[in-house]
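Undergrad: From just these sequences and the hints, can you work out the full model?
In order, the protein sequence lines correspond to chains P and C. According to this note's numbering, the first sequence is numbered sequentially starting from 7. According to this note's numbering, the second sequence is numbered sequentially starting from 7.
Errors might be hidden in some of the hints.
Which copy is meant is left open, because identical chains are indistinguishable; a pair holds if it fits in one copy or across any two.
With a straight-line Cα cutoff of 30 Å, these simulated DSBU-like cross-link-like pairs (lysine-lysine) come out [what the hints assert, rightly or not]: (1) K345 / K24; (2) K250 / K345; (3) K51 / K250; (4) K92 / K47; (5) K366 / K250; (6) K92 / K366; (7) K129 / K47; (8) K51 / K24; (9) K51 / K129; (10) K24 / K92.
Rather than coming from a laboratory, the hints here were simulated on the basis of the structure.
Number of protein chains: 2
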Amino acid sequence: MHATHLCCPRCRWETELKLVYSCERCGFSLDVRYDYDSVDKSALKAAFSGGRLWSFRELLPLSAGYGPLTLLEGGTPLLPSVSLGKSFGFELLFKDETRNPTASFKDRPNTVGISMARQFGAKAVAIASTGNGAASISAYAARGGMPCYVFVPEHTSASKLLQIRSHGAELVLTPGDYSASFAAAQDACLREGWANMTSTYLNPYTMEGDKTIAYELFSRLEGRVPDWIIVPLGAGAMLTGVYKGYRELQALGFVSELPRMCGVQASGCAPITRAWEENLPEVLEWENCETVAHAIADPLTGYAKDGTRTLTTIRESNGCGITAPEDDIIRHAAMLARKEGLYVEAGAASASAAAELLYKKGLAAHGQTVVAIITGHGLKENKIIGGAPDESKG
Amino acid sequence: MHATHLCCPRCRWETELKLVYSCERCGFSLDVRYDYDSVDKSALKAAFSGGRLWSFRELLPLSAGYGPLTLLEGGTPLLPSVSLGKSFGFELLFKDETRNPTASFKDRPNTVGISMARQFGAKAVAIASTGNGAASISAYAARGGMPCYVFVPEHTSASKLLQIRSHGAELVLTPGDYSASFAAAQDACLREGWANMTSTYLNPYTMEGDKTIAYELFSRLEGRVPDWIIVPLGAGAMLTGVYKGYRELQALGFVSELPRMCGVQASGCAPITRAWEENLPEVLEWENCETVAHAIADPLTGYAKDGTRTLTTIRESNGCGITAPEDDIIRHAAMLARKEGLYVEAGAASASAAAELLYKKGLAAHGQTVVAIITGHGLKENKIIGGAPDESKG
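TA: Put into structure tokens, the structure is as follows:
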């Protein structure tokens, strides 16, 4: 285990590895840091030859004496596009995160986050979410025999909570909208010592799960670095996580280039990509969030600074933000099903829509390699691809 | 490619590799045969070190000049039970087939079946199914740009066909029950030259996909053969396929032992396991099929001989048939979600229910290894685990 401490990427404040959710000096989110010089690179090469998420344990923060709480997540396929990529003239590859245990990428951050929570002796986990994040963490908590508290707005329909309830998670209904649930989860965690697994930059360990996507891409592409990686954004921790993974590969001497990161949001809720398009210094909260892409619909109310962190990563990587029109997203969900054999949720279809926009804007050139991350399975929101509207969050 | 011909396992009639659905002498289903002596065993050893279904191409029937039609299926995890196995006193392992592209094991038989259909020049594929089989084959057909005809009873609710429709498959509504759809699909395939992918023993190539489960178990267990493998049964081609995989491993000198095969059906539709329990020479059709385990509800109307083939395999393997009470299945679906973190469809929960019955009947002994095949994801039938009834077939 080579993780050494937590560090604030904004003001450089440092602290030991523990359950803490923000910089005590400036209030920003925190990052896990490693001593890369001590990593056994030949052992790592074996891990890169395949395997699932925990085969990268050398670069994860779990202490040697602790076992991971795992459902054997990760190791997802990289599927070449057979149709869309051809019309764009570049190599389009789908990183199929629907193949994780609970059918979305959230299993990556959560397996690391809950394993660390267990290491630190947390008695329970909590999350503010009604969607993929909650379904995922409730499955892991069930497997680990840990209580799990899911904070949701009080008017959330019972039907969309079926999967969460079946894992035995406790629902905490809060008055008001999602922001109120977010705040209530945060308060309860600080008060009770529960580990907060809410899918933002809040928990510094979850991004360590996201970054393993970079390792798997490195492995599957045999060291070749994609020109672009397209990531659907809620708060955007996955985008920053994947980029962190590549920066680590660079620090370890495995790659020299870095990919350009493309973040995509739906036009009905696009605080981060709007800030990129308007060249704002900071991300602002989004008002009147209304989109078909529920899994990535995050207005960032109360934590716009998380969006700013994602915006910073996009700029660092010489990447771009893309706002995908709602109609494009629906059209791409249908195209993925009809032309590629992929049945995905609308949030995931936004990655495919962004690939088309990278092509139309001339940002991805002929012969380049573009990876689109397919974040969640269509079975999670059958009605959208079939035509009728649905609702889901987080 | 080492496949040599098709052979009738009952009367030994032989024919070349082609699209044919029954023995022209006795009417039984057919089997793909190989020349095992010509297989390069060292190349095979590399395939066994991991990878997905088509890494076992040496032992699959696709000719060298043809590419597989694949969504990168297989390579699914073998997840140790953390709760149930402990109370039974044996090592219980879940082979998690929900991690396939369309979230059920059907992607294995279908990727091989449709790849062979393409090799033989079939212009389209067809299936009689309203459930996992149809969802799977329509995804593959979409990816391959092949027309796909799905035969369903005319009163099937539109909502359960959403996934199938979204892949662009053509629905053919037939008057009467599932048997009528089965017959209509068969007629249309013979008339039009479409490849019939109906999930029974009809298509001799699909079982070649099922058998790869054995190879993966061999690989993951590092050569150790499980004492028992539990397979939920519709017609039971998967059970015979997995056993065939182990017999091939024996023929190739990789294993000396064979596993005992346990087939499980739900008490509301149990033609095969009833025949085993009553020690009948042949399986009889089931009347008034009514079960919560829709994915394995097959009364075998019109093809009871397929059930007899499965029964024969169970007997050959010194295995057993288990009829799981409906209440046990519902209880196990809930237990898997609450104790193991696995969200599965009722048909898959029957495998867990069977593990408990193997324990109670004293058939699986202390310290033995039992593999339960988890056939399909709970997202496919949310309502059952949540409490309310649902409907699905095939």
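Undergrad: It remains to establish, for every hint, whether it holds in the given structure.
TA: Hint check results:
1. K345 / K24: between (47 Å within a copy, 28 Å between copies)
2. K250 / K345: neither (33 Å within a copy, 34 Å between copies)
3. K51 / K250: Answer is within: at 18 Å inside a copy they meet the 30 Å cutoff, but 36 Å across does not.
4. K92 / K47: This pair counts as neither: shortest intra-copy Cα distance 37 Å, inter-copy 38 Å.
5. K366 / K250: within (28 Å within a copy, 51 Å between copies)
6. K92 / K366: Answer is within; shortest intra-copy Cα gap is 14 Å, inter-copy 57 Å.
7. K129 / K47: neither (35 Å within a copy, 51 Å between copies)
8. K51 / K24: within (29 Å within a copy, 44 Å between copies)
9. K51 / K129: For K51 and K129, the Cα distance exceeds 30 Å both inside one copy (36 Å) and across copies (45 Å).
10. K24 / K92: Answer is neither; intra-copy 48 Å and inter-copy 32 Å both fail.
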